[in-house]
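Colleague: Generate the whole structure from the sequences, applying the supplied hints.
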Amino acid sequence: MASPSAAAATASTSAPAAGPSGQSTGLSLDNNDEKNSVVIKVGMVGDSQIGKTSLMVKYVEGSFDEDYIQTLGVNFMEKTISVRRTTITFSIWDLGGQREFVNMLPLVCNDAVAILFMFDLSRKSTLNSVKEWYRQARGFNKTAIPFLIGTKFDQFATFPRDEQEEITKQAKRFARAMHASLIFCSTSASINVQKIFKIVLAKAFDLKCVIPEIEGVGEPVLIYVDV
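Be aware that the sequence shown starts at 8, since it is given in the numbering used here, and climbs by one per residue.
Keep in mind that the hints were calculated from the coordinates and are not lab data.
Check before you lean on any hint, since a few could be wrong.
[As the list claims (entries may be wrong)] Distance ranges between label pairs, derived from CB positions: (1) 195 with 94: 26 to 34 Å; (2) 168 with 219: 18 to 26 Å; (3) 142 with 179: 17 to 25 Å; (4) 217 with 179: 17 to 25 Å; (5) 176 with 81: 28 to 36 Å; (6) 42 with 176: 45 to 53 Å.
We put the beta carbon where it would ideally sit given N, CA and C, even for glycine.
Modeller: Okay, here's the thing in structure tokens:
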């Protein structure tokens, strides 16, 4: 059973966390003698073939296979960790990005504590699509904590600097409008994969998180404080 680092497990308060609209997520870590168990549902949405399934499998199983079969419908995996005396199960729901699966969006979004709005850093069109994914997902869940996740950073890092700057600026602009944390990651290079879920955990339980933020062009951006 894996344990998150102290960065995500240092409590600032035991009060329930607040979602983006100021409403409580209803989750708390109580310092009592009983062993608690909590399920955190995380939805993953975005265009097809951007790396949603790869990110989920990398986090849950620690492996990466670039030959995953395209998701048809919904994928689902779980990972259990321990924080203090609480057993936390991440229930991760991955929606196939093809438009014919949009009718399954409620299955992924309903009751989610966090939603990862994902795009491929190497394909700008997938970032533009985030606006529509966000609009539709918010129709089913207005309180889930939003994250904007850029995948395939290892490929993106080879782009000319002006292209990196343009996409990074646009991603930051979208994240601000969504009041979302912004994280660039790479499953193949193991960049920021664990940190995404540590920050989800910290925000869900209103825990102190000391993971350093990164904002520079050409770097694996990680912005989550005061969003």
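Colleague: I want to verify a distance hint. Is the separation of the beta carbons of residue 142 and residue 179 within 17 to 25 Å?
Modeller: holds (19 Å)
Colleague: Could one say that the CB atoms of residue 168 and residue 219 fall in the range 18 to 26 Å?
Modeller: holds (22 Å)
Colleague: Given the range 26 to 34 Å, decide if the beta-carbon distance of residue 195 to residue 94 lies inside it.
Modeller: holds (30 Å)
Colleague: Within 17 to 25 Å or not, the Cβ separation of residue 217 and residue 179?
Modeller: holds (22 Å)
Colleague: Does the hinted range 45 to 53 Å hold for residue 42 and residue 176 at CB?
Modeller: holds (46 Å)
Colleague: So the hint says 28 to 36 Å: do the beta-carbon atoms of residue 176 and residue 81 match that?
Modeller: For residue 176 and residue 81 the Cβ distance comes to about 33 Å; the hint holds.
When each numbered hint is compared with the structure, no violation occurs for any of them.
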